[in-house]
Amino acid sequence: MQLPPDIERILLDEATIQRRVHELATQISADYADVDELVLVGVLKGAFIFMADLARCLTIPHSVDFIALSSYGSRGAARSDAVRLIMDTRAPVTGKEVLIVEDIVDTGYTLQYLVRNFQARNPASLRTCTLTSKPTRHEVAVQLDYLGFEIPDVWVVGYGLDYADRYRTLPYIAALKPEVYRTAAH
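Each residue of the sequence shown is one higher than the last, beginning at 2 in the working numbering.
Any given hint could turn out to be false.
[As the list claims (entries may be wrong)] Here are the computed lysine to aspartate or glutamate pairs in the EDC-like style, where the Cα-Cα straight-line distance is at most 16 Å:
hint : residue 1 : residue 2
1    : Lys97     : Asp35
2    : Lys46     : Asp66
3    : Lys46     : Asp89
4    : Lys97     : Asp32
5    : Lys178    : Asp154
6    : Lys97     : Glu38
7    : Lys178    : Asp163
8    : Lys97     : Asp37
9    : Lys46     : Asp166
10   : Lys178    : Asp7
11   : Lys135    : Asp154
12   : Lys97     : Asp66
13   : Lys135    : Glu151
14   : Lys46     : Asp163
15   : Lys178    : Glu9
[Claimed, not checked] Derived Cβ-Cβ restraints for the label pairs, each shown as a range:
hint : residue 1 : residue 2 : range
16   : Ala83     : Ser30     : 31 to 37 Å
17   : Arg20     : Asp166    : 23 to 29 Å
18   : Ala165    : Glu24     : 29 to 35 Å
19   : Glu151    : Leu4      : 18 to 24 Å
20   : Ala56     : Asp89     : 17 to 23 Å
21   : Glu9      : Arg91     : 35 to 41 Å
22   : Arg117    : Pro153    : 27 to 33 Å
23   : Glu180    : Arg21     : 25 to 31 Å
Don't read these hints as lab results, they were simulated from the structure.
In this text, a Cβ means the ideal position worked out from N, Cα and C, and glycines have one as well.
Given these sequences and hints, build the entire structure.
The following block contains the structure:
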């Protein structure tokens, strides 16, 4: 397979991702087997592919909603004081079973913000599901109830993850060549 020129290597191939998404959906379906409905709240834009695949694999009643945040400073680093809500969910979640679906947990500030924001809305329960996590980059403690993969501290693209809004639709998760993002940061 010919990789795009900015891609260094594939970290997680399509089959590995799909297998893990099915495993996560099986676990979530079992954990929520006795609830009337689970509300999946996907964080745009990165989680849209993961959430679509996850939702299609669930065997329990569920609905889908989205939220959009801005969490990156000028140099691409997530900062605690930089997280802000751009688009809120369309329906209230008070008294509902809520699962926040994220593409990646880097420093943890975005997920920390989301958990606090949704706890204030008084859901019946609140859990988190993230496709990827970079544990070596975590700066704040966050609860990851469902985790797809721990990945190394490299810039990843594909399967919803992007660099400058490119590469989101690659069917795999790949490491971007460091010279691509280092050059752009200067």
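Against the structure shown, which of the earlier numbered hints fail to hold, in ascending order? none
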